[in-house]
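Going line by line, the protein sequences match chains Z and L. For what it's worth, our numbering labels the leading residue of the first sequence as 1, then goes sequentially. For what it's worth, our numbering labels the leading residue of the second sequence as 1, then goes sequentially.
No lab work stands behind these hints: they were computed from the structure. These numbers were taken from a predicted model, which means no experiment stands behind them. Hints should not be assumed to be uniformly reliable.
SDA-like, lysine to any residue: derived pairs with alpha carbons at most 25 Å apart [claimed, not checked]:
{"id": "1", "chain 1": "Z", "residue 1": "K51", "chain 2": "L", "residue 2": "M213"}
{"id": "2", "chain 1": "Z", "residue 1": "K224", "chain 2": "L", "residue 2": "Q67"}
{"id": "3", "chain 1": "Z", "residue 1": "K58", "chain 2": "Z", "residue 2": "K166"}
{"id": "4", "chain 1": "L", "residue 1": "K273", "chain 2": "Z", "residue 2": "K166"}
{"id": "5", "chain 1": "Z", "residue 1": "K51", "chain 2": "L", "residue 2": "R280"}
{"id": "6", "chain 1": "Z", "residue 1": "K135", "chain 2": "L", "residue 2": "Q283"}
{"id": "7", "chain 1": "Z", "residue 1": "K22", "chain 2": "Z", "residue 2": "K239"}
{"id": "8", "chain 1": "Z", "residue 1": "K216", "chain 2": "L", "residue 2": "Q181"}
{"id": "9", "chain 1": "Z", "residue 1": "K224", "chain 2": "L", "residue 2": "K247"}
{"id": "10", "chain 1": "Z", "residue 1": "K216", "chain 2": "L", "residue 2": "Q255"}
{"id": "11", "chain 1": "L", "residue 1": "K247", "chain 2": "Z", "residue 2": "W210"}
{"id": "12", "chain 1": "Z", "residue 1": "K135", "chain 2": "Z", "residue 2": "L207"}
{"id": "13", "chain 1": "Z", "residue 1": "K135", "chain 2": "Z", "residue 2": "G59"}
{"id": "14", "chain 1": "Z", "residue 1": "K216", "chain 2": "Z", "residue 2": "G124"}
{"id": "15", "chain 1": "Z", "residue 1": "K22", "chain 2": "L", "residue 2": "K208"}
{"id": "16", "chain 1": "Z", "residue 1": "K135", "chain 2": "L", "residue 2": "K273"}
{"id": "17", "chain 1": "L", "residue 1": "K247", "chain 2": "L", "residue 2": "M225"}
{"id": "18", "chain 1": "L", "residue 1": "K195", "chain 2": "L", "residue 2": "M213"}
{"id": "19", "chain 1": "Z", "residue 1": "K22", "chain 2": "L", "residue 2": "K247"}
{"id": "20", "chain 1": "Z", "residue 1": "K166", "chain 2": "Z", "residue 2": "G124"}
{"id": "21", "chain 1": "Z", "residue 1": "K166", "chain 2": "Z", "residue 2": "K239"}
{"id": "22", "chain 1": "L", "residue 1": "K208", "chain 2": "Z", "residue 2": "P283"}
{"id": "23", "chain 1": "Z", "residue 1": "K66", "chain 2": "Z", "residue 2": "K51"}
{"id": "24", "chain 1": "L", "residue 1": "K247", "chain 2": "Z", "residue 2": "G59"}
{"id": "25", "chain 1": "L", "residue 1": "K247", "chain 2": "Z", "residue 2": "R136"}
{"id": "26", "chain 1": "L", "residue 1": "K208", "chain 2": "Z", "residue 2": "T3"}
{"id": "27", "chain 1": "Z", "residue 1": "K327", "chain 2": "Z", "residue 2": "E237"}
{"id": "28", "chain 1": "Z", "residue 1": "K51", "chain 2": "L", "residue 2": "G209"}
{"id": "29", "chain 1": "L", "residue 1": "K195", "chain 2": "L", "residue 2": "D220"}
{"id": "30", "chain 1": "Z", "residue 1": "K58", "chain 2": "Z", "residue 2": "Q282"}
{"id": "31", "chain 1": "Z", "residue 1": "K271", "chain 2": "Z", "residue 2": "Q189"}
{"id": "32", "chain 1": "Z", "residue 1": "K264", "chain 2": "L", "residue 2": "M225"}
{"id": "33", "chain 1": "Z", "residue 1": "K264", "chain 2": "L", "residue 2": "K195"}
{"id": "34", "chain 1": "Z", "residue 1": "K135", "chain 2": "Z", "residue 2": "T3"}
{"id": "35", "chain 1": "Z", "residue 1": "K224", "chain 2": "L", "residue 2": "Q283"}
{"id": "36", "chain 1": "Z", "residue 1": "K327", "chain 2": "Z", "residue 2": "L207"}
{"id": "37", "chain 1": "L", "residue 1": "K202", "chain 2": "Z", "residue 2": "Q10"}
Part of the chain Z face toward chain L, derived, beta carbon under 10 Å [what the hints assert, rightly or not]:
{"id": "38", "residue": "T64"}
{"id": "39", "residue": "W187"}
{"id": "40", "residue": "Y321"}
We put the CB at the ideal spot given by N, CA and C, even for glycine.
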Amino acid sequence: MQTPLHIDPQQAFNEVAAFQRKLAAGMQHLRGLGEQEYANTPREAVYREDKLTVWHMKGNTQPTAKVPTLIVYALVNTVWMTDLQDDRSLVRNLLAQGEDVYLIDWGYPDGADRWLTLDDYLNGYLDRCVDALRKRHGIDAINVLGICQGGTFSLCYTAMHPEKVKNLVTMVTPVDFQTPDNMLSQWVQSMDVDLFVDTLGNVPAELMNWVYLMLKPLRLNQQKYVGLVDILDNPAELKNFLRMERWIFDSPDQAGEAFRQFIKDFYQQNKLIKGDLQIGNQPVDLGMIGQPVLNIYAVQDHLVPPDASRSLKSHLGTDDYTELAFKGGHIGIYVSGRAQREVAPAIHQWLRERS
Amino acid sequence: MPDQANEFLKDYQAFAQQSWDAWMRYLQQQPGASVPFGFSPPPTPPANDFLTRSLANLQAYGSWLQQAAGAGATGQFGNWQQPAAMQPFLAAFNQPFAQTVAGLDSASAFGLDHQWQSWLQAMQRSGMGGMSGSGMGGMSMPSAMAAFGITREVQLDQQAMAAAMNEYAQINARYQTLLQQVNAQGIERMQELLKEHSEPGKQIESLKGLYDMWVDAMEDAYSKMALSGEYREVFGALVNAQMQVRKLQQQQTEQMCRELGIPTRSELDSLGKRVQQLRRDMQVRHQESPRADASEVDVLRAEIATLKRELAASKSTKTAAVRPIKSGDNDKHSTATPRAKAAGSASAKRK
Chain Z
1 MQTPLHIDPQ
11 QAFNEVAAFQ
21 RKLAAGMQHL
31 RGLGEQEYAN
41 TPREAVYRED
51 KLTVWHMKGN
61 TQPTAKVPTL
71 IVYALVNTVW
81 MTDLQDDRSL
91 VRNLLAQGED
101 VYLIDWGYPD
111 GADRWLTLDD
121 YLNGYLDRCV
131 DALRKRHGID
141 AINVLGICQG
151 GTFSLCYTAM
161 HPEKVKNLVT
171 MVTPVDFQTP
181 DNMLSQWVQS
191 MDVDLFVDTL
201 GNVPAELMNW
211 VYLMLKPLRL
221 NQQKYVGLVD
231 ILDNPAELKN
241 FLRMERWIFD
251 SPDQAGEAFR
261 QFIKDFYQQN
271 KLIKGDLQIG
281 NQPVDLGMIG
291 QPVLNIYAVQ
301 DHLVPPDASR
311 SLKSHLGTDD
321 YTELAFKGGH
331 IGIYVSGRAQ
341 REVAPAIHQW
351 LRERS
Chain L
1 MPDQANEFLK
11 DYQAFAQQSW
21 DAWMRYLQQQ
31 PGASVPFGFS
41 PPPTPPANDF
51 LTRSLANLQA
61 YGSWLQQAAG
71 AGATGQFGNW
81 QQPAAMQPFL
91 AAFNQPFAQT
101 VAGLDSASAF
111 GLDHQWQSWL
121 QAMQRSGMGG
131 MSGSGMGGMS
141 MPSAMAAFGI
151 TREVQLDQQA
161 MAAAMNEYAQ
171 INARYQTLLQ
181 QVNAQGIERM
191 QELLKEHSEP
201 GKQIESLKGL
211 YDMWVDAMED
221 AYSKMALSGE
231 YREVFGALVN
241 AQMQVRKLQQ
251 QQTEQMCREL
261 GIPTRSELDS
271 LGKRVQQLRR
281 DMQVRHQESP
291 RADASEVDVL
301 RAEIATLKRE
311 LAASKSTKTA
321 AVRPIKSGDN
331 DKHSTATPRA
341 KAAGSASAKR
351 K
């Protein structure tokens, strides 16, 4: 057996010196860079209510799809992950394929939104957004593309209002909230969520960020920034890094009541797959979903383990179920090079076959 | 070689210090130089400043690089199979992990330790600090002595707060113990990973490669711990204990606000809850109103349909009225409504 470390001392010193040199020079590159903008694909607000906006995203050409697709994002973080930068944008890629894309920007809840429940979000806000698009296009049903928690919301919504959804796409969506590898789920099982929400009211974004950082404390708090040193002298890469940092920490507070119900009913009691979930007074039965469903999950997802998403298959009422495994993580599914090549074309192809 | 290494390290340390000083000056300049109206905002707790913390982590990495390069230069890499010989070298890994997690913990607690200190100082000033006990940071805290007199309620509140703080401190200590176990298990995992790299062609040839392996090892150990039943129980208890402290803090603040005539959070919450319920009711009514309109239209349509039928009936009655009644004919026409009859007779009169 040989030594596993074959590090030449001189090379080690060179490595240390190079690190320090890059770090020292990096300050010059960081200075003046300021806040990095998202892709900001041209868009028009077509519906507003309270802090929520439905944006119609505009491509370079007219959409060829006859049925519009509404992107429903999670309440945590912002929807701009789907339109992060010019060359990393799910929205732009869908538009380029000919899809007619709308998205919901939930906004930033404050104290006035403390009492918003999941019923308010799903049978209120989301339902009115869908109605606005149905009316705008003069059609009975639209396509819904739900992402992460937004995917869970889309499933619940479709189960409660099946007549308004033509096709459903879910991306990195938790369905079984108690798979053994779900770290978030493990952590909230012993939590007194009533005490938590009664005390905090809305859940502060900083606290949510902390929880996400603690999923992989060294990778997300140190190794990532060690990697940053290597790109400090590359302005384009540096801007990409800073843009992603902006998105990661650009987190809305969570409306207290909705958070309480989401943790209790989904994480602690796993009601979505047990079949005893109620939103407002309406039962949510995934078996009611008879429309085509495309379920895309990420095989290296540390937030929503693949099994948590794959569970969907056995609970739906539809015969038209398609699963797509993406080789990447929870964020890479939107921003990686592979994602640009694979995800939007796959969604478009699937929708086109069902138009 | 060791002398050469020492020289290098001396120069390097001076260079590194200059660099970090420059970075910290850069950070301190960020908020802007002018302060309007001479108001000085409270200093941001370092734990809440992600950039500062990130740089602190980078600095920790830089320090480790330095130590690791020194260890390599003095030949310590050769003893990797002997845990005791490797311990000083691996111990250098502990520091960055401890710093990283400690920084995050502090952020999550929103400066609870600082609040505890402030609260204790306030207690001392109000003459209630003489009660003995031990709380966070080893400072004294009120014990559960019997409360009486005009300050009875206040004493009870303070005792409840002290008990909650103490509970939080104890659970936090358990949590820190678990994190220390992660450190130990991470080093064991590191040894396993090193073994896997002892084949020719698989050897690690850079400090960065070694660092990445250490991160893998620590994350593996952490993940295992974070998914365990014990961690789940302690983490939940930690959150609950912290919330209990905050709840009591809020109650004390509310009491103070009420005494000063300042609206409290409970009152605002109560108003917010009512407003939200009103909004829901309005939405329901708004959704129902088109249905109400529709049902009104339906009623009107039904009435028109009835009138049309009656009109048609009256026409047929009119016809019947002029039609001679034949023998054997049913008396169905004679059952025409009085209205139809009247219409028929009127019609007949007009004729």
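So, going through the hints one by one against the coordinates:
1. Z/K51 - L/M213: Not satisfied, since the Cα-Cα distance of roughly 45 Å exceeds 25 Å.
2. Z/K224 - L/Q67: 21 Å, holds
3. Z/K58 - Z/K166: 22 Å, holds
4. L/K273 - Z/K166: Since the Cα atoms of L/K273 and Z/K166 sit roughly 35 Å apart, the hinted pair is violated (cutoff 25 Å).
5. Z/K51 - L/R280: 16 Å, holds
6. Z/K135 - L/Q283: Answer holds: Z/K135 to L/Q283 is near 18 Å, not above 25 Å.
7. Z/K22 - Z/K239: Roughly 16 Å between the alpha carbons, so the hint for Z/K22 and Z/K239 holds.
8. Z/K216 - L/Q181: This hinted pair holds, its Cα atoms lying about 16 Å apart.
9. Z/K224 - L/K247: Judged against 25 Å, a Cα distance of about 36 Å means the pair is violated.
10. Z/K216 - L/Q255: 41 Å, violated
11. L/K247 - Z/W210: 21 Å, holds
12. Z/K135 - Z/L207: Distance of about 39 Å is beyond 25 Å: violated.
13. Z/K135 - Z/G59: 22 Å, holds
14. Z/K216 - Z/G124: Answer violated: Z/K216 to Z/G124 is near 36 Å, above 25 Å.
15. Z/K22 - L/K208: 14 Å, holds
16. Z/K135 - L/K273: Violated, because 31 Å separates the two Cα atoms, which is more than 25 Å.
17. L/K247 - L/M225: Violated - the C-alpha atoms of L/M225 and L/K247 are around 29 Å apart, more than 25 Å.
18. L/K195 - L/M213: 12 Å, holds
19. Z/K22 - L/K247: Given pair Z/K22, L/K247 is violated - Cα atoms ~47 Å apart, limit 25 Å.
20. Z/K166 - Z/G124: 19 Å, holds
21. Z/K166 - Z/K239: With a Cα-Cα distance of about 39 Å, the restraint between Z/K166 and Z/K239 is violated, given a limit of 25 Å.
22. L/K208 - Z/P283: 54 Å, violated
23. Z/K66 - Z/K51: 29 Å, violated
24. L/K247 - Z/G59: Judged against 25 Å, a Cα distance of about 50 Å means the pair is violated.
25. L/K247 - Z/R136: 47 Å, violated
26. L/K208 - Z/T3: 17 Å, holds
27. Z/K327 - Z/E237: 22 Å, holds
28. Z/K51 - L/G209: 47 Å, violated
29. L/K195 - L/D220: 16 Å, holds
30. Z/K58 - Z/Q282: 35 Å, violated
31. Z/K271 - Z/Q189: Holds. Z/K271 to Z/Q189 sits at ~14 Å (cutoff 25 Å).
32. Z/K264 - L/M225: This hinted pair holds, its Cα atoms lying about 24 Å apart.
33. Z/K264 - L/K195: Judged against 25 Å, a Cα distance of about 44 Å means the pair is violated.
34. Z/K135 - Z/T3: 70 Å, violated
35. Z/K224 - L/Q283: 47 Å, violated
36. Z/K327 - Z/L207: 30 Å, violated
37. L/K202 - Z/Q10: 20 Å, holds
38. T64: 34 Å, violated
39. W187: 5 Å, holds
40. Y321: With a minimum Cβ separation of about 30 Å from chain L (threshold 10 Å), the hint on Z/Y321 is violated.
Checked against the numbered hints given earlier, the structure breaks hints 1, 4, 9, 10, 12, 14, 16, 17, 19, 21, 22, 23, 24, 25, 28, 30, 33, 34, 35, 36, 38 and 40 and satisfies all the rest.
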